[in-house]
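A.B. asks: Produce the entire structure from the sequences given, and follow the hints as far as they go.
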Amino acid sequence: MPEVMMATRQAGTAATHTILEVKNLEAWYGESHILHGMNFNVNAGEVVTLLGRNGAGKTTTLKSIMGILGKRTGSVRFNERELIRMTSDRIARLGIALCPEERGIFASLDVRENLLLPPVVRAGGLSLDQIFELFPNLKERLKSQGTKLSGGEQQMLAIARILRTGASLLMLDEPTEGLAPVIIQQIGHTIARLKKEGFTILLVEQNFRFASTVADRYYVVEHGKVIDGFSNAELPANMDKLHSYLGV
Amino acid sequence: MQALYAQLLVGLINGSFYALLSLGLAVIFGMLNIINFAHGALYMMGAFCAYFLLNIAGLGYWWALLLAPIAVGIFGMILERTLLQWLTGLDHLYGLLLTFGIALIVQGVFQNYFGSSGLPYAIPEQLRGGMNLGFMFLPVYRGWVVIFSLVICLATWFLIERTRLGAYLRAATENPTLVRAFGINVPRMITLTYGLGVGLAALAGVLSAPINQVRPLMGADLIIVVFAVVVIGGMGSIMGSIITGFALGVIEGLTKYFYPEASNTVVFVLMVLVLLVKPTGLTGRAA
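Taken in order, these protein sequences are the chains called A and X.
So the first sequence is numbered by my numbering: it starts at 1 and just counts up by one.
So the second sequence is numbered by my numbering: it starts at 1 and just counts up by one.
Just so you know, the hints here were simulated from the structure itself, not pulled from any lab data.
One should not assume that every hint holds.
[Unchecked claim] Under 7 Å between C-beta atoms, here's a sample of chain A residues computed to sit facing chain X: (1) Gly-70; (2) Ser-108; (3) Leu-117.
[Stated by the list, open to error] Pairwise CB distance ranges (calculated): (4) Glu-102(A) to Ile-70(X): 33 to 41 Å; (5) Asp-110(A) to Leu-119(X): 30 to 38 Å; (6) Asn-175(X) to Trp-28(A): 20 to 28 Å; (7) Gly-188(A) to Gln-85(X): 38 to 46 Å; (8) Leu-138(X) to Asp-110(A): 49 to 57 Å; (9) Pro-181(A) to Ile-70(X): 38 to 46 Å; (10) Trp-28(A) to Leu-90(X): 48 to 56 Å; (11) Leu-90(X) to Gly-55(A): 39 to 47 Å; (12) Trp-28(A) to Thr-280(X): 32 to 40 Å.
[To be verified] Footprint (simulated), chain A over chain X, 3 or more residues, beta carbon under 8 Å: (13) 161-169; (14) 174-186.
Cβ atoms here follow ideal geometry from the backbone N, Cα and C, with glycine treated the same way.
C.D. replies: Following this line, the structure appears as structure tokens:
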């Protein structure tokens, strides 16, 4: 990582203040009640992972924070500001960015257009050169149609485009889903580097093994609630419990 | 031969209007998912706007070319904010019925005050007369309509396919939720898009005023053919709607020369053929 890159962002090591605070968050998809009072928080500079089985409400949690779900109650505070009544475009402008599970690469845009699509919302984002250093593949494929990329390249593009915007909280929804082990490894390295840069990352993962290589803390989600939480250091002591939560 | 060239020219002129109108319909459909049946009425409003500007404010053709699309575009944006936006997520049928109702109301109001006969609108001084091209005589105004329409169509294509703003538009057509979650005010963009599509219709109305006279039902007659053009070209593509618009105008013109009896139906016959072979239209994507 070049020196300039370290200088452009404040290193997250000293920060221990809470940047995201979720309290009693409830959310609905139409008539179905998905989140039943989520409680958790994320500190600046941390990588926090939400674990849980399929349908537990992890993705819904990210969408609710982002303001994508119409009906939500409770409280989501980001840097002391209440988001629960804000529309998603305003939330994005405060510095939260989502990399969705389905990646959301646009077929009618080429790679460059996809990459430049999210507007810069504040200073401190990575430059294009820094992004190409992280993802050299993308530079060679700028003219390709977005959806012509391989699955791994699309995932990299989906992450890359939210690094430019200056968002300080990145929410990554299952970034390793369906990818080959070598690419998963590369994404792991990327997350580690982003953490070093001072980004705060909220990760949703089914792949616990992957999560354990990057996360500082874990929350276990079941039936739309956080039922447990522990740090990476406490992980060995909690392995049995975790296996029963996740059913692996 | 003179007659053939003359019909070709008429075809190109009609093609210009088809292209401008179907382009607006395609832009609106892509972003709002609404089949804008009010398009003909808005085209008519453009022509009337030019007429009012001249007879009330004393502002001539060139001002009308600028101001009428803006004024009618603003009217369109008010329609979108007050009525169309509530249709988001509903079946196409609702948008179709609502915009059809709007068209009937607008046309009814204009008919009430202006009857059904045409009001004259003179060709601007600078574009009067004609040029002898050797093989045919070209009225300057008609040549102007074809070239200006083509320029506007290509500029619109460039705006949508080659600029940053266009990239937002294309992305929001695919996945408005995600584009909004990137921090872009998508509802405002939808309103502006409707304004753009409507503005193109009004511009076509101004262009047509000196050729076709200004009548309350001038759009109602034209829009039926334009929808056939849209069906043939396919709703999805910007360039597709431009090319199909001009091409069908020319085909219509050629039919007038070779087999005049079929000239009013040729577009619809083509529509049937295309629907049989490729229901999404020549350049359209599956819905």
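A.B. asks: Could you run down the list of hints and mark each one as holding or not?
C.D. replies: Here is what the structure says about each hint:
The interface hint given for Gly-70(A) is broken, as the beta carbon of that residue sits about 11 Å from the closest beta carbon of chain X, more than 7 Å. At its closest, the beta carbon of Ser-108(A) sits 4 Å from a beta carbon of chain X; the interface hint therefore holds under the 7 Å criterion. Evaluation of the Leu-117(A) hint against chain X yields a held restraint, the C-beta minimum of about 6 Å falling below 7 Å. Checked against the hint of 33 to 41 Å, the C-beta distance between Glu-102(A) and Ile-70(X) comes to roughly 40 Å, which is consistent with it.
At roughly 48 Å, the beta carbons of Asp-110(A) and Leu-119(X) sit outside the given window of 30 to 38 Å. Our hint of 20 to 28 Å for Asn-175(X) and Trp-28(A) holds, since their Cβ atoms are close to 21 Å apart. Taken as a hint, the range 38 to 46 Å holds for the pair Gly-188(A) and Gln-85(X), whose Cβ atoms sit roughly 44 Å apart. Checking the proposed 49 to 57 Å range against Leu-138(X) and Asp-110(A) shows it is violated: the Cβ atoms sit about 41 Å from each other.
For the hinted restraint 38 to 46 Å between Pro-181(A) and Ile-70(X), the CB-CB distance of approximately 58 Å leaves it violated. Look at Trp-28(A) against Leu-90(X): about 20 Å separates their beta carbons, and that is not inside 48 to 56 Å. With their beta carbons about 29 Å apart, Leu-90(X) and Gly-55(A) fall outside the hinted range of 39 to 47 Å. At about 35 Å, the beta-carbon gap between Trp-28(A) and Thr-280(X) stays in the expected band of 32 to 40 Å.
Only residues whose beta carbon comes within less than 8 Å of a beta carbon in chain A count, and the region 161-169 of chain X has 3; three or more means the coverage holds. Coverage of a stretch by a chain is defined here by at least three residues with a beta carbon nearer than 8 Å to that chain's beta carbons; for the region 174-186 of chain X and chain A the count is 12, and the condition holds.
Checked against the numbered hints listed earlier, the structure breaks hints 1, 5, 8, 9, 10, 11; every other hint is satisfied.
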